[in-house]
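Working from the sequences, and respecting the hints, build out all of it.
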Amino acid sequence: MRRIERRLWVVALVIVLSACGRQADEGFCATHGQSHWQHRDQQPSLVVGYEQSGRLAVALALPTSESNHSSVVSAADILALPAHCKAGELKPETQGEQTLLRFDADCGEELPAQLSVPLLQNAPELDEVEVSMTTPAVHKHFVVHRDCERAIFNLAEGPADG
Amino acid sequence: MQWFRFFATGADQPISASSADIESQFHRHRRDVIVFITLCYGLGYVCRLALNVVKKPLMDAGIFTPEQLGIIGSTLLYGYALGKFTNGFLADHAHVGRFFAAGLLLSACANLGMGLSELLWLSALLWGLNGWFQGFGAPSSVVALAHWYSNSERGRYYGIWSTAHSIGEGLTYLGVAWLIAAPPKGLGLDWHWGFWVPAVICIGAGLLVWRFLPDRPQALGLPSVADWRGDHSAVASAAANGSVWKTQLRILAIPSIWILALASSSMYVTRYAINSWGNVYLQEIRGFDLFDANLFIFLNTAAGILGCVAYGFASDKWFSARRPPANLLFGLMELLPLFVIFWGPNEPLLLAAALVVYGFGLSGILASLGGLFAIDIAPKRVAGAAMGFIGIFSYVGAGLQDYISGRLISASEIAMHFPSANGNTVVYFYDYSVPIVFWVGASVVSLILATSLWRVRATD
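Those sequence lines, one after another, are chains A and B.
Just so you know, my numbering puts 67 at position 67 of the first sequence, and the rest follows in order with no gaps.
Offset between the second sequence (1-based) and my numbering: plus 1000.
Worth flagging that the hints you see were computed from the coordinates, not collected in a lab.
Bear in mind the structure is a predicted one, so any value in this text is a computation, not a measurement.
From the three backbone atoms N, C-alpha and C, an ideal C-beta is built for every residue, glycine too.
A few of these clues could be false.
[Unchecked claim] Partial chain A-side listing against chain B, Cβ under 8 Å, derived:
| id | residue |
| --- | --- |
| 1 | T64 |
| 2 | M133 |
| 3 | P136 |
| 4 | K140 |
| 5 | V143 |
| 6 | D147 |
| 7 | E149 |
| 8 | R150 |
| 9 | N154 |
[To be verified] Covered, in the sense of this in silico footprint (three residues per stretch, anywhere, with C-beta under 8 Å from a C-beta of chain A), are these stretches of chain B:
| id | stretch |
| --- | --- |
| 10 | 1057 to 1067 |
| 11 | 1409 to 1415 |
The following block contains the structure:
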């Protein structure tokens, strides 16, 4: 009985120590959500409104410094849609320090279940994009960074949050 | 075979201790029994509910889809249903301290494995086994209560032990959520820790139970608790009567029991939908963070403690021990807040109040459908079998719910891909409107079924 108890203690200790040995990711991807606000103005941000009727309203805000040598020239560079969707013309406008690129798309009754944002693929000058997407059911706000495997949620709005 | 003997209860020992020694041993063991079954059953709960807290991080990380999480979650409930059936029989023959400890330690192993697994089949297998291991705790605790507390006092101690559910749910929905939630509300640890920390807690609980939960009094050379307290039941034990098996089978011929089983099963659909998917819904659709969403779920479980007590009081005092009117009252208290939770304004205080009323009503009606009303209707000597029958129905319903909910949520999926030179990040968007109709609809069906038994009276 005592021997079994001793063995169990050893097993428990090994399990605890081995679990402690695998630290959570404390790197950039794990912490960037708390510090992103510090450079938000210098990063692109994408807003997508996805309606039940199949209409999409897309707006990409690029810092003017980035937009001068940006490779974003068409709607498909921002949001790649299935073939049956019709994307409108890309309308650029300048708003202070930012260039705003807008377009609308209509997918009719066949709502796309897959959307692709090729920004980080087509524009090597961009490292990350802040995304705000609203569907009829849900709104999500996150950052996608080319060095992070997963999207970063729970973005702090300022120093008070973090 | 030696393993079986190790877990078996000891043979009755002759009483050789002095009466003072018997007194002191009873006091010490009875104190240990109530403290450690309550504490450790509560601690063991964190290994049962951990998945619910980390569902959203797992979905966000793209490790499992809602459908896959539904499959994994349902295996625990099927395993638990099976455990309820088998472990009750086993616990009657076991040294409950060792049996309970084994369940906790095995459950800890399953959680450790879950923290390492990103494979669907492996996670489903581990979580299903975890359901069965989790089913060791309740029968062990009830058997310990039966052996160490006499008839006239067992109800009080059963009540104390019942608080373990809330201790466990509180620890999970607040404690585990605190580990995973982003700073400053939580530590912001990775989802793996949502399984590993509960595993360590369960190991600790297992060791405590192993050390402090004793075998039967007679196996320790003590008299039975009934002899010690001079508290013998006036009614002969059911086991003494050879026709118990036949009476148990008669339950299956009582239509009201079938209706109750279906009503309870439907109510378990809503109960486990809120427990399993509620915090994901509150994060995904209502926009709360992980900590706040779990806090809301905790509120509903905490209110449940009062709901159980209030149901018994209300049905006895206000309705002269008639359960159907109380079922209707508590059923409406459960159903109406669901409309506020799912279709009401996004006002935290209102949502919290709705969840409290929902939890209060749910616990009350569940205490009736799976317990009090079942005992009223069933022949008294086989009340346990009636509850077991309804229990299995209920957990099968809960398990089906988890799978169906996951499937319905997955069907609404919109995937947004972000390809780059380093890989492809995917963010998923889900719509909960169809599953919500399923969850609320189940409550409506349950209430209709329960109310259809309006004229059913208690049997002797």
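Status of each hint after checking the structure:
1. T64: violated, 23 Å
2. M133: holds, 7 Å
3. P136: Hint on P136 of chain A: holds, closest Cβ of chain B at ~7 Å, below 8 Å.
4. K140: Cβ of K140 of chain A sits 6 Å from chain B, so the hint holds.
5. V143: violated, 10 Å
6. D147: holds, 6 Å
7. E149: Holds - the Cβ of E149 of chain A comes within 8 Å of chain B, reaching about 6 Å at its closest.
8. R150: holds, 5 Å
9. N154: Since the shortest Cβ distance to chain B is 4 Å, the answer is holds.
10. 1057 to 1067: With 3 residues close enough to chain A, the hint holds.
11. 1409 to 1415: With 4 residues in contact (Cβ-Cβ under 8 Å with chain A), the coverage given for the stretch 1409 to 1415 of chain B holds.
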